[in-house]
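**Student:** Read off the chains here:
Protein chains: 2
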Amino acid sequence: MAKPSFPDASSEQVSSALRAAEKAFSVYRQLPGERRARFLEAIADGLERDAEKIIELANSETSLGLPRLQVELQRTAEQGRLFAELARTGAWLEPRSDEAEPERKPLPKPGLRSHNIPLGPVVVMGACNFPLAISVVGTDTMSALAVGCTVVVKAHHGHPATCEKLSTLIHEAAKETDMPDGAFSLLHGESHRVGRELVQNPSTKAVAFTGSLKGGKALATVAANRPEPIPFYAEMGSLNPLFVLPGALRERSEEIATGYVAAVTLSAGQMCTKPGMLVTIEGPSLERFLKQSVLVTRESSPVAMLNAGIRDNFEANVERFTKSAKLIAASEQAPNSSANEASCQLFVTDASDFLGDPNLQTEAFGPSSIIVRVKDEKALLKLANSLEGTLTASLHVGEGDCAIVDKLLPILESKAGRVLWNGFPPGVVPTHATHHGGPWPATTDSRHTSIGIFGYRRFVRPICRQGFPSP
Amino acid sequence: MAKPSFPDASSEQVSSALRAAEKAFSVYRQLPGERRARFLEAIADGLERDAEKIIELANSETSLGLPRLQVELQRTAEQGRLFAELARTGAWLEPRSDEAEPERKPLPKPGLRSHNIPLGPVVVMGACNFPLAISVVGTDTMSALAVGCTVVVKAHHGHPATCEKLSTLIHEAAKETDMPDGAFSLLHGESHRVGRELVQNPSTKAVAFTGSLKGGKALATVAANRPEPIPFYAEMGSLNPLFVLPGALRERSEEIATGYVAAVTLSAGQMCTKPGMLVTIEGPSLERFLKQSVLVTRESSPVAMLNAGIRDNFEANVERFTKSAKLIAASEQAPNSSANEASCQLFVTDASDFLGDPNLQTEAFGPSSIIVRVKDEKALLKLANSLEGTLTASLHVGEGDCAIVDKLLPILESKAGRVLWNGFPPGVVPTHATHHGGPWPATTDSRHTSIGIFGYRRFVRPICRQGFPSP
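Chains A and B are the protein sequences, given in the same order. For the first sequence, position 241 (counting from the first letter as 1) is numbered 1339 according to the numbering used here, and the numbering increases by one without interruption. For the second sequence, position 14 (counting from the first letter as 1) is numbered 1112 according to the numbering used here, and the numbering increases by one without interruption.
No lab work stands behind these hints: they were computed from the structure. All clues given are correct.
Because identical chains share one entry, a pair is satisfied inside a single copy or across any pair of copies.
The calculated EDC-like cross-link candidates involving lysine to aspartate or glutamate, where the alpha carbons are at most 16 Å apart (straight line), are:
#: 1; residue 1: 1203; residue 2: 1176
#: 2; residue 1: 1121; residue 2: 1279
#: 3; residue 1: 1421; residue 2: 1455
#: 4; residue 1: 1263; residue 2: 1154
#: 5; residue 1: 1315; residue 2: 1326
#: 6; residue 1: 1312; residue 2: 1326
#: 7; residue 1: 1207; residue 2: 1197
#: 8; residue 1: 1480; residue 2: 1504
#: 9; residue 1: 1263; residue 2: 1148
Bound-form chain A, shown alone (with noise of 0.2 Å):
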């Protein structure tokens, strides 16, 4: 049998590469902020000098299709310039001082400055469903760089090949702007062994991981037991409820069927955001809203996923799903369709059935989607209480809803990073007010955001010089 193309990085590799970003940190770190700027422009640069073939790997690899790989390297070259502007502005440092008082009684005040510092060399694992935005390129590895940490990547197995083009850019980039060797550098690691190590390695002052519950608690624990606990920034699974309040439903039934329908197949459901629930009273207007909601579901083609694996956990997750919910409409698969491709499903379900069963309230990756029906608006106000913590909730608003989201909005607030109004997720771009995150489980850490400018708060901290003369 042939050796496969990208071998898992031997502990030696591992070790050497956090030996190497922990000395390129010391120099990398104290380059002026306009140094750092040119760097992330030319890997910005290369990405759009190379989208034609970037874009045809990481579609060989993923089925992701071109269009929306287009946009997706787009917005990944955009948000390396924007993170470029933040290292030649130095905003990321925002000093604050307090002034000396030397005359002060009893005791004089020395004067006070602080500014951030970066933490040191940061691992980043990088998603299955973003090969451009949120791999090795992305908002992870570009915040890092911006504001001197050095990076390590481990690839996705999931397009080991796009990795390797995307390092290979990274590595020109390093070049063509002087940046000391060791600054960023990938590995392979199919096996859980190197991402552990990587965790585990001294050098490590952070972790970004983006991937499962499963694998991000498990890092998070190896994490958090080194003799040295580090920061584990670990993006995961969400159920993004969408409640549709009465007034909505009664005047948009049919128009909010429609998008929740687009939102769930988006790129088959393989979003972060991807709503895995929507809530609603029961009324005259939910049959018209289910009856578009069908009508929708079942006109929408069959879509492929990432690979076959990732096809095979859908189909066990939404099997796993009619215990307690009842399955109203799929896409039509083609009898020869490809093992890639699944079939969008649609389920309803009541509030008890919804509550009663876990794997009702657990992330099926994949474009599913449960409706559960509630009675009332105190049973609604309850089961929005008793779900976890999320990176969106959306509110879908009519005529006489005030009322009902004045309760509904603290309570989605305080499970949520982000709630949307009449929208739909994803519709965002990561710009100064994102916000992706979410308590618990939908990230290890409800602090940080992994997408848009305050992405890179999750690794600097303040350093504060007291009484130093004045620079």
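Following the hints, complete the assembly by docking chain B onto the known chain A.
**Tutor:** Just chain B now, kept in the frame of chain A:
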């Protein structure tokens, strides 16, 4: 045998306090900032009103002395008012927004508005050494209350009566300003069980702890292993090294020696920033420095520590020092000294002995310190590089020391949360630019400060509202 005056909280009392804190949270977090500001101001007013009684009680339980406790009380009241102002202005909300671009291509961009929200009920476990500023009404409690978190404090068993008095004062302030029941409560718990149960309780959303490395580590593990892990902020032990560079030693050896011993003996060496070690290069000025250090130490009076147990721990620690370091001076104890009284003890050792003995690299809580002689600049940098994380590091700089500062400062900044220039810790008031934190094992989370205004950031997370109608 009479019952102890402050029995440990039962498991039921722990649950009940956190149930009440959770219930109160839903009301308290939604109060206007002005209301919370008045609550905090009423606490600060109460502190000043009852200052004499509080200080007397604290002194009887801690032996810290009236002058020190007077300053501490004043600082605590002032800090309470700073947090009241934070609640009033709402600066902690840190709002940020991106305008909607409905015409944007390929997709319209929804408007985004982010701001901070409180995490939920916070558990506070204060320090033995600051019965006012880092206890029931310290930064932890006041910053959490300012941003809308409710608080359950575990009293320190070293000063339970002071804790009770402060708790009564907070309850009075809560009544006066009409706060919801359960917004604040105090429990006693000498047994580790109480601390564990407080951290494990599902209603607890964050913990602030000040104490030993051993205690902090144990509870950090409990927090990380909950079904829903929560942020655990511990401020623990620290060596707080002083680096006296050759120029400074030449120019000001007596002055530095005097300041050093004063910092070691301040509050019986029971400051978390006590310099546990001083590093300097061998040379002709060192003798003068040592002579003065010995002189000042011998002249210093023995000091009463917080209690007999803490004194016994201190004696055991310094006893262990003698394996690899030489005692060069001690303040003289009277033959009939009290059980709490400790003698200030100064040691000298060489870099290799220091590095070879883990005992010397561990904080000894109390009035002792170790002078580490290194033979040259290279050895000094090597020693600096070998240090663990620390709250503070101090540089004493004179003519001709610039070159070594350029190399040493980045190392110290990678180890410490605060670096002092020609100063001795603590020497700082908690304000805007303060940072009291540092890499493990100084704290469990180097990104945050436990003193100063930004202490509130431990208890908030961002929420993002997308596509909402204008407020």
